[in-house]
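Residue numbers (this note's numbering), protein chains in the order written: chain Y, 513 to 902; chain Z, 513 to 902.
Quick caveat, the hints were computed from the structure, so don't treat them as lab data. Among the hints, erroneous ones may be present.
[What the hints assert, rightly or not] Taking CB as the label site, the calculated pair distances span: (1) Asp600/Y x Gln675/Z: 38 to 48 angstroms; (2) Ala901/Y x Gly553/Z: 32 to 42 angstroms; (3) Glu671/Y x Met891/Z: 51 to 61 angstroms.
All C-beta atoms, glycine included, are put in the ideal place defined by N, C-alpha and C.
2 protein chains.
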Amino acid sequence: MNTIYVDNNATTRVAPEVLEAMLPYFSDLYGNPSSMHTFGGKVGYKIKEARAKIAELIGAMPEEIVFTSCGTESDSTAIWATLESYPDKRHVVTTRVEHPAIKNLGEHLSKNGYRVTFVPVDRQGSLDLDYLYNSLSDDTAIVSIMWANNESGVIYPVEEISQEIKQRGIVFHTDAVQAVGKIPVDVKSTGIDFLSISGHKFHGPKGVGVLYVRKGTKFSSFMIGGHQEHGRRGGTENVASIIGLGKAAELAAQRLSVYGAKVRSLRDKLEEEILARIPNAMINGNRDNRLPNTTSISFEYVEGESILLMLDEFGICASSGSACTSGSLEPSHVLRAMGVPFTAAHGSIRFSLSSYNTEEEIDFIIAKLPPIIERLREMSPFWHEAAVAK
Amino acid sequence: MNTIYVDNNATTRVAPEVLEAMLPYFSDLYGNPSSMHTFGGKVGYKIKEARAKIAELIGAMPEEIVFTSCGTESDSTAIWATLESYPDKRHVVTTRVEHPAIKNLGEHLSKNGYRVTFVPVDRQGSLDLDYLYNSLSDDTAIVSIMWANNESGVIYPVEEISQEIKQRGIVFHTDAVQAVGKIPVDVKSTGIDFLSISGHKFHGPKGVGVLYVRKGTKFSSFMIGGHQEHGRRGGTENVASIIGLGKAAELAAQRLSVYGAKVRSLRDKLEEEILARIPNAMINGNRDNRLPNTTSISFEYVEGESILLMLDEFGICASSGSACTSGSLEPSHVLRAMGVPFTAAHGSIRFSLSSYNTEEEIDFIIAKLPPIIERLREMSPFWHEAAVAK
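Sequences and hints are given; from them, build the entire structure.
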C-alpha cells in the first residue's frame, strides 16, 4: 500500500538533496567545529555557509542567526531571554491559538508571577487587534504572535503588528515555524525582534531549529554552556543537521513560488471536491488568508480520530488538530478559540500538503473520504438526532 | 594525508552501524511519532526501542530516560528542574573542574540570587571531599559532580558521593557525558537522581542527549511545549538521531570491555613513549584513576596552540584543553584548578583515543611529537631562561 502523506504541518520528508548534503558529516567529516585542527575547522566553515543560507531565506544577516535544537527551543529562548533582559516587566502578550511551545509556556508563566494576555480570535481565526493593542502597557515585556497557524493555516499580519509593537518599545517575537519555507518571510522592514524556525517543517531534518535575533535586541542565553553560537547557545553544534537545514533553506528559496502555486492548486481542489461531495462539512479559518498547503475541515457529528483511523487504512496520513496535542481527547484549543461548535470541532481533519504530493494522491483522497464520513455518520447517534431535529 | 583523530573527548566518529540505523528515518520513514497514523506510529515504536537500549546501558528503567538535544541541555534541565522543585533552597554545590555547561550555569546562578560552592581539586585532580561535605546545609538544593573529567580524564567517585548526598536529602546530578560508553556506568545502586549523557561522545550523532531522571525525583520541564517525552521535554522528537543513539548505546554495551582494554593499552603506550622521549613533560591528573582513553600532557615552556598547529600539519587532531572553551587564550580552567604551573598549563595537550585508533597511528604520533616540542622550545625564550636558571 502506498503512503499518501498529507500531514506536512506535523513534519515533512527530508528532501533527498538535504540528506545528501548531510551524509559526509556523520562518519567522515565528523570533527567538532570548536576544535583547533583543520579537520574541525572545515566543518566550521560549512556551518558558516548554512548560517548564510538561512539568513538569506528570511532577509536577515548571518550574525542574527542562532542555531537551536527545535522550534520549541527557539520560542523558549526568545521569551526567557526577554524576561531576563527586562526583569521589571511582568506582562506577556500572546494569542489563544499558539502552538503548545508558546501556549504552555504562557500558562507556566501565568502561574509563576507573570501576567499573560491571550488575545482571542474570531470565527475565521483572525486576531482581535483592538484587544491586543488595548492590552499593552508599560509593564509589557514581549508580544509573541505566530506568523501562521499550524492547524487552520491562517496567516497573521505580523509584519504590521510588529511595527506597531516596536513603536511602543516592546519586544516582538513570532513563531514562524509554519510560515518559513511555505510563504515569503522577510524580516528586514518589520519590527520583528525574534523569529523561530524549525528545520523539519520544510524538508530539513528533525532536531534543528533557528532563532533569528535582530541585531541590537537584548539577549541572554537559555542554553547556558560553551561559547558556541557566539556565546548565545551552548552545546556542540548539531553539524550534519545544521548543514541539512542550510540546504533546505536554499531549496525553499529556489522553490517558494512554484511551491505556493502547486500546493495551493492541489489544496483548493481537495477542499472544493470535499465540500461538494460531503454535506455538513465546513472549512475552518479565513479562506482568503491561509497557508497555501493547509486546510482544516470539520465534518459535523463524527469523531476526527475515527476518520483518521479509516483514512489510515488506505495509507492516507492526516491529522486531527496538532500532532503536538495528540494523545488528548479534547478538541483542539485552536478550533475552540475560533468558536467552532463542539459537534464540528470533534470531527475536524487537517490536511497539510507538500510539493511532493501529486494530483493522483489528491484524487485518491477525494474518492475515499466521502464514503468514510457517510459510514461514520450512519453509526453516529448525534447525526441521526440532528437529522430528526431538522 | 591521513587524518589521525585523537580528539574523541571533543566528538567522535558516528559508527557506521549507527548511521545505517538512522538512514531510513530521514526521507523514507519520516513520520512524526505523535501523529495518529501508522506511518507515525512505526517511528514511535523505534523510539521506544532506543529508550530501552539507553536504559540498559546505564542500568535504568526506560521511563527514566528523557531524550534531549545535547549534554548541555541535560545538565541545564537537571539543575533548573531541581531549583524550581525546591524554590526555598538557594545553594548549589559543584566543582571547579566541570564542563562549561555546569561551570557557566553555576556562575550565572551565583549572579542571580543563588549561593554556589565550587569544590576544589588537588594537584592530581582529585576532589576535596571534606570541603564538599562541609559545604552542605539545609539550604542545599542540588550537588552536581561530573563522573569523569573531559580534560584530565580523572574519574570521580560519584557512586559513593551520591549515596552520601542522598542520605542528607539533597538531589544529586552527575554530568556523565565523558563516562558513558567509556567505562561501566550503572545508576541502580547509587544515589544519582539525574545523569547527563551526550550521544556524540560515544559514536552516536551530534545533537542528541539524554537526561536520566530517577523515578520519584521531582521534575519540571526546562523545554516547555508539547506532550513529548511524557510531558518532560517539548519539541518534536529528533527521530533519526534518537534511533542512532540507541544503536550507539547497544554497541557501547557490547564493546565496553574490549574498548577499555584496547584504548588503555594504546593510551599507555603513547604516554610512556612521550614521557621517555620528551624532557619536562608531565601527565596531568591521577594516573591510576582515569578514563582509559584520555591523557593530558603538559610540555613546559611551549604553547599548546603551537603544538596543535604543528601536529595538524601531520594530520594529527588533538586538543589543548576542552573544545568547548577554545577560542580563549586563557589556559584551561581545569588545569588551573589543579594547580598546574602556568608555564606547563599553557603547553598542555589532550589526546583522547577511540577504538578506531590503531597502533600505527600511535607510533606515528610518538615519532612526530618530540621534534615538534624540541623545535618550539628552541624558539621559546622561557625555555632558554629556564635552562640558564638551572
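Taking the hints in turn, this is what the structure says about them:
1. Asp600/Y x Gln675/Z: 38 to 48 angstroms: holds, 44 angstroms
2. Ala901/Y x Gly553/Z: 32 to 42 angstroms: Once the Cβ atoms are compared, 38 angstroms apart, the range 32 to 42 angstroms for Gly553/Z and Ala901/Y holds.
3. Glu671/Y x Met891/Z: 51 to 61 angstroms: Holds, at about 59 angstroms.
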